[in-house]
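Participant: Chain residues, written in single-letter form:
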Amino acid sequence: MRHLLSAADLDQNQITEILDLAEEMALVQGRPVKKLPALRGRTVVNLFFEDSTRTRSSFEIAGKWLSADVINISAKGSSVSKGESLRDTVLTVAAMGVDALVIRHPASGAPWQASRWIDAHVLNAGDGTHEHPTQALLDAFTIRRHFRRTVPDQLNFHGKTVAIVGDITHSRVARSNVLLLNTLGAQVIVVAPPTLLPSGIDSWPVLVCTDLDQVIPHADIIMMLRVQRERMSGGYFPTPREYTIGYGLTRPRLQAMKPGAAICHPGPMNRGLEISADAADAANSLILDQVAAGVSVRMSVLYELLGGAE
Amino acid sequence: MSGTGAPQAQRDDPGSGTAVGSEASRVAMDAEQIARACARIAHQILEANRGAEGLVLLGIPTRGVPLAHRLATVMDQVEGVRVPVGALDVTMYRDDLRRQPTRAVGHTDLPVEVEDSTVVLVDDVLYSGRTVRAALDALGDLGRPRAVRLAVLVDRGHRELPIRADHIGSYIPTRSGEHVSVRLAELDGIDQVSIEPASGPALVGP
Amino acid sequence: MSDLLIRGADLVSRGRSDLLIRNRHFAEPSEADGNADLLDADGLIALPGLVDLHTHLREPGREDAETVESGTLAAARGGFTAVLAMANTDPVTDTAEAAEHIAALGARDGRAQVVPVGAVSKGLNGVELAELGLMARSNAAVRMFSDDGHCVWDARLMRRALEYVRAFDGVIAQHAQDPQLAGTAACCHEGEISGKLGLTGWPAAAEAGIVARDVQIAELTRSRLHICHVSCAETVDVIRWAKQRGINVTAEVAPHHLALTTSEVLSYDPTYKVNPPLRPHEHVEVLREALADGTIDAVATDHAPHARHDKEHAFAEAAFGMLGLETALAVVIETMINSGLLSWPELVKRMSIMPAQIARLSDQGRPLTPGEPANVILIDPAARAVQNRDNSASLSRNNPWHGRELPDPVVATIWAGRVTYQKER
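Here the protein sequences line up with chains F, E and V, keeping their order.
Plus 3 on top of the position in the first sequence (first one is 1) and you've got the working numbering.
Plus 268 on top of the position in the second sequence (first one is 1) and you've got the working numbering.
Plus 1 on top of the position in the third sequence (first one is 1) and you've got the working numbering.
Simulated from the structure, these hints should not be mistaken for laboratory data.
Fair warning: this is a prediction, and the values are worked out from it, not measured in the lab.
All C-beta atoms in this analysis are idealised placements derived from N, C-alpha and C, irrespective of residue type, glycine included.
Heads up, some of the hints might be wrong.
Said to hold, decoys possible - Below are the BS3-like pairs computed for lysine-lysine, each with C-alpha atoms no more than 30 Å apart in a straight line:
1. F:K67 x F:K37
2. F:K163 x V:K197
3. F:K67 x F:K79
4. F:K261 x F:K163
5. F:K79 x V:K197
6. F:K67 x F:K38
Claimed, not checked - Derived Cβ-Cβ restraints for the label pairs, each shown as a range:
7. F:D156 x V:E290: 51 to 61 Å
8. V:R398 x F:A98: 21 to 31 Å
9. V:W242 x F:L210: 34 to 44 Å
10. E:A466 x F:R5: 26 to 36 Å
11. E:A466 x F:L210: 52 to 62 Å
12. E:P369 x F:D156: 21 to 31 Å
13. F:S55 x E:R432: 47 to 57 Å
14. F:D156 x E:T341: 19 to 29 Å
Unchecked claim - Derived contacts from chain V toward chain F, CB cut-off under 10 Å, selection only:
15. K197
16. G202
17. R309
18. D311
19. K312
20. E313
21. F316
22. G418
All chains, please: the whole structure from these sequences, using the hints.
Facilitator: Quick look at the structure:
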């Protein structure tokens with residue numbers, strides 16, 4: 004695997020391999036020596052053009068536990084405002100002798116453009132509103148573990164329904180998850196007010212619904228997306244109150260969930276807006292598991308990219 | 269008895285098969301010989317350890333794992349002792365990772381803490397010694413065993429590192445181009461050790 | 002300057018003939034004396050020099066991307082003998098002095114006639130009228146006004162501008178983009194691809210809606226309105242309706258909108274980022290038909306050179322625009338002539354006669370007959386070449402055709418009797 008740019012880059016076998024390996028990587032967390040030598044001597048640069056403490060430290064720990072040398076570069080404001088082009092920034096970093104570039108950028112497509120300019124492996128850590136493949140992988144890891152509590156050898160997500168609820172238009176988590184969940188065989192339903200459904204959604208491999216209450220009783224997993232209050236100034240919805248009543252995971256909706264169903268959220272949460280406190284802390288909430296899964300899944304991906312011959 | 273010692277051509281001991289130099293595939297150990305070898309090794313381990321105290325058997329995937337389980341079964345049947353059995357995957361510690369496409373990683377299962385245990389590493393074939401070196405490094409990151417021993421079903425010579433086994437099922441001299449194939453019923457439906465002639469560039473072995 | 006005798010050119014409607022150029026005009030070929038320079042046009046078609054209604058020359062302000070000299074060199078290579086230079090320079094062309102400055106640069110450095118376009122509003126601010134009358138009276142004789150790059154969104158300002166220019170037969174050229182439907186972040190046709198790629202959409206309604214409004218205002222004011230770079234089928238429908246009603250509206254289309262679709266953007270290559278954006282194939286088809294039937298009057302390049310460092314950004318952050326002068330004729334031949342949608346006389350109308358008329362250029366778009374100004378190009382309609390972005394007279398390299406095979410028609414360009422470009426044969 005040369006790059007991981009899109010969740011669509013992976014077929015079912017590759018996803019399974021990554022998740023299985025992540026299970027092994029998860030064991031490292033409990034050991035006295037949290038180190039595996041597999042990426043010793045490799046250099047990984049986290050090139051983040053957008054703030055993100057959580058994702059960045061997750062990648063940093065993942066690289067370090069694999070014995071790679073990890074460097075964090077915060078390139079926020081270094082491109083357009085200082086006049087340095089994206090290409091110059093990327094080439095400068097790569098010229099330092101880098102094996103892998105983990106890129107997060109506020110503009111969709113930046114990692115694809117970078118991958119055309121340099122030889123190093125490129126890992127998309129989130130590009131604009133487009134994709135966030137490692138998030139989808141850690142979501143799948145968490146969901147698979149949840150399903151395996153009842154069916155221990157559950158391989159894929161055939162026969163399962165996953166609802167993704169919220170600002171689909173601006174969500175890279177949604178786009179990557181739609182792709183990955185489909186590859187794993189799940190039925191995906193997206194739920195949002197019409198103003199937050201992207202153009203062309205009818206061509207996506209999903210069912211579309213604007214009524215959350217219709218969907219809740221059928222979903223095995225309900226994935227709530229963060230909705231930004233700033234979207235109100237774009238007139239996407241009139242008030243937070245109306246959004247919560249129409250599309251929030253409120254207590255009544257929590258109770259209407261199917262037995263055995265679980266809740267996901269990529270974080271950070273707006274408690275009280277898209278997700279009630281009850282739901283966030285519910286017994287069937289996988290939200291903390293998602294956070295815990297981040298390092299193992301990213302270790303797995305880094306190993307897949309860098310652990311073999313060039 | 270097979271065990272340590274300088275390699276000699278055409279040694280007459282259990283499992284040495286027909287003359288070295290033959291171009292055909294030859295069976296070096298059949299099911300009965302394998303079973304006797306396992307029994308012998310299990311006894312030797314207990315003897316050397318003066319009982320089962322502190323022992324843990326860790327098989328190196330893939331075929332080291334069923335072998336480790338067989339050793340534990342013998343120890344249980346004959347001595348009535350339950351020795352913990354697990355698996356130690358060493359892929360991440362290999363010294364040749366960068367020479368091949370990314371290798372799949374196997375499962376590690378530690379039934380007990382390695383700290384202060386007497387770990388017996390179990391593998392099917394001992395060849396260059398590099399796998400065992402990787403296993404020692406892996407163990408080192410898991411804790412500090414009191415002692416580490418090595419039990420292998422087959423020692424085929426050609427060591428590239430100063431590594432030796434404590435317990436050997438059979439010493440089988442081979443040429444480096446030849447391939448030693450171990451089949452175990454748990455995975456392959458049959459118990460057999462065979463030697464296949466050289467068919468391409470010699471691969472670095474275990 | 003000695004005479005120039007062009008031998009054996011195919012004059013399309015008049016068959017093969019010689020052309021004699023003397024003192025910047027055509028003369029009777031029979032009057033040629035032995036001292037004339039000879040240009041063998043055997044196998045070549047002679048057309049009136051092309052006129053581009055929409056070019057960005059970037060001087061003053063961004064001479065690193067293009068200058069009047071390099072831009073008109075590129076124009077000459079593309080077969081153009083006149084270009085209308087858009088006003089969004091730095092400083093903006095919103096005064097008589099600024100317009101005369103550009104005209105002077107054109108006179109000094111230009112390899113084609115350079116006619117400045119005046120801004121509609123001061124500094125392109127969309128609020129107050131610029132000195133339209135003074136620009137018209139200047140020796141730049143500005144007749145076309147445009148805030149191109151920006152939309153004249155204020156309906157009242159548009160009305161005033163249209164009314165005002167009637168006094169001197171001016172025309173307002175609108176860059177139709179409703180900022181409330183397609184803001185500065187909009188960079189990809191709003192549709193399947195924008196939704197998939199996470200790029201802010203630029204819906205067709207943002208263009209057609211403004212055009213629908215503006216043709217009403219043009220009718221109200223009985224003024225001349227011109228629509229820049231029509232990009233979608235919806236706009237074509239509005240223009241067709243308006244023309245049927247007798248509204249005085251003209252329209253142009255850019256070569257890239259005749260050939261490239263929004264699928265180019267799948268690669269996130271900012272070379273294909275342009276305003277208005279590339280649209281799906283259905284729109285390309287409609288634009289071609291509209292150009293064929295005359296609903297769209299002219300081809301205009303919207304030549305938009307950009308320094309590499311302005312394009313090598315993430316797609317959403319990169320500058321908008323493509324080069325166009327050197328490849329326009331090639332693309333029109335490929336999409337319109339070779340497909341049988343346009344005849345050669347019709348191509349001449351769309352790329353020379355109508356643009357000259359709209360811009361009120363009396364010396365351009367004229368027949369190739371004795372007495373007329375000698376603006377003529379010789380082309381080889383069958384020649385083809387693979388486009389190489391580095392082989393260009395422009396200072397910039399944002400060429401969307403790089404690596405593609407296109408016709409390579411222009412053999413010679415003659416402006417006011419002087420050869421401004423000649424291909425090595």
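Participant: If a hint holds in the structure, say so; if it does not, say that too.
Facilitator: Hint check:
no., hint, result
1, F:K67 x F:K37, "9 Å, holds"
2, F:K163 x V:K197, "24 Å, holds"
3, F:K67 x F:K79, "23 Å, holds"
4, F:K261 x F:K163, "12 Å, holds"
5, F:K79 x V:K197, "25 Å, holds"
6, F:K67 x F:K38, "8 Å, holds"
7, F:D156 x V:E290: 51 to 61 Å, "60 Å, holds"
8, V:R398 x F:A98: 21 to 31 Å, "22 Å, holds"
9, V:W242 x F:L210: 34 to 44 Å, "39 Å, holds"
10, E:A466 x F:R5: 26 to 36 Å, "34 Å, holds"
11, E:A466 x F:L210: 52 to 62 Å, "58 Å, holds"
12, E:P369 x F:D156: 21 to 31 Å, "27 Å, holds"
13, F:S55 x E:R432: 47 to 57 Å, "51 Å, holds"
14, F:D156 x E:T341: 19 to 29 Å, "25 Å, holds"
15, K197, "6 Å, holds"
16, G202, "6 Å, holds"
17, R309, "7 Å, holds"
18, D311, "8 Å, holds"
19, K312, "8 Å, holds"
20, E313, "4 Å, holds"
21, F316, "5 Å, holds"
22, G418, "44 Å, violated"
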